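Number 1369 marks the last residue of the sequence shown (our numbering); no jumps.
Restraint ranges, calculated between C-beta atoms of paired labels, are given here:
hint: 1; residue 1: Pro-1065; residue 2: Gly-1161; range: 31 to 39 Å
hint: 2; residue 1: Ala-1248; residue 2: Gly-1052; range: 32 to 40 Å
hint: 3; residue 1: Pro-1325; residue 2: Asn-1106; range: 21 to 29 Å
These are computed hints drawn from the structure, not numbers from a lab. Since this is a predicted model, take the numbers as computed values, not measurements. Even glycine gets a Cβ: it sits at the ideal position worked out from N, Cα and C.
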Amino acid sequence: MPIKNRLADLHPEITGWRRHLHANPELMYDVHETAGFVVERLKEFGIGDITTGVGKTGVVATIKGRSDSKGRVIGLRADMDALPITEITGLDYASTVPGKMHACGHDGHTAMLLGAAKYLAETRNFDGTVVLIFQPAEEGGAGGKAMCDDGLMDRWGIQEVYGMHNAPGIPVGTFAIRPGPLMASSDDFEIVVTGKGGHAASPHDAIDTTLVASQIVVSLHSIVSRNIDPLKSVVLTVGTFKTDSDASNIIAHTVRMTGTVRTLDSAYRAIAEDRVRRVATDIASAYGATAEVNWAPGYPVTINSDAETQHAIEAARAVSGNVDEDTPPIMPSEDFSYMLEQRPGAYMFLGNGDTAQCHHPAYNFDDEAIPVGCSWFAEIVERRMPAA
982 MPIKNRLADL HPEITGWRRH LHANPELMYD VHETAGFVVE RLKEFGIGDI TTGVGKTGVV
1042 ATIKGRSDSK GRVIGLRADM DALPITEITG LDYASTVPGK MHACGHDGHT AMLLGAAKYL
1102 AETRNFDGTV VLIFQPAEEG GAGGKAMCDD GLMDRWGIQE VYGMHNAPGI PVGTFAIRPG
1162 PLMASSDDFE IVVTGKGGHA ASPHDAIDTT LVASQIVVSL HSIVSRNIDP LKSVVLTVGT
1222 FKTDSDASNI IAHTVRMTGT VRTLDSAYRA IAEDRVRRVA TDIASAYGAT AEVNWAPGYP
1282 VTINSDAETQ HAIEAARAVS GNVDEDTPPI MPSEDFSYML EQRPGAYMFL GNGDTAQCHH
1342 PAYNFDDEAI PVGCSWFAEI VERRMPAA
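Please put together the full structure from these sequences, using the hints given.
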């Protein structure tokens, strides 16, 4: 079965919702207007069981099917937050908020889940309960973890959970997924090297932190090539490097650098942390300096469970027939991973066509993907909980 007819009919209305959200972006947990818009629409659909403030500003709502003979409960998740980017699209519905834009398509994700919610509330052609999850703070704020910590899975009895993200570069109407690791973990680190500042003309009276920190940077990049199995995927990047002085005739007293480590194998998170700490402190010590390493664990690896991945594929086949069932994993991270740590489920990519990449100021969600994504959400429900 292709795109559901009712969702094709709703396409213009859902597009309007999406463009309203696009024009009014909000960041992190400060998504009060967005959450309010979601609640208003859900009430219009006749959905009464709505809970706000889950994971600070998340919204959770339930839809009961025509029957509930087996006590089945499935969660569907969409993220709501935007990014601190100045939009350059020139669209007539471009961001009206300076320095903020929906550059990752979360406006589209929210609109598609709302569209699926309206359809499911009208038809209720399933046996069980759907839990709609509208999440804040995916973009670095771990909103998925906050909702899980607030009891999301147990309070609503969720048994399986599914999510979706648009994918520029993949044709609209095409799905892509794989079982197992799909997106990388993300951990950040800060290294502060302290030596002895001095005059650039008298390096022998100083401990040159710029030299020490440079040696650390070079050696950090040997971790992946010499401590990690070459068949595994690990990325280490030093993103910033700052001395405490901008003068050319001063040897800095301190240097601060920051970076990130990404991996598709959770075991390598601990290995990378250990090696970063040892490399930094040992090299600094060898030069008579010190290195303080601060490690900030981030999002876990996004791991699709096997059975639920197959369910997601079957729903995608029913909607479009264009499904890449073994898409290569990618190194960006995603906090839907926290939900997948607590329940079996799957995360699906949906093609966004030939657009700018996510997080680019010229990015825009392709509205032609809306009925496809809505249909996939609805199809998951009707296939996993067929009407009695």
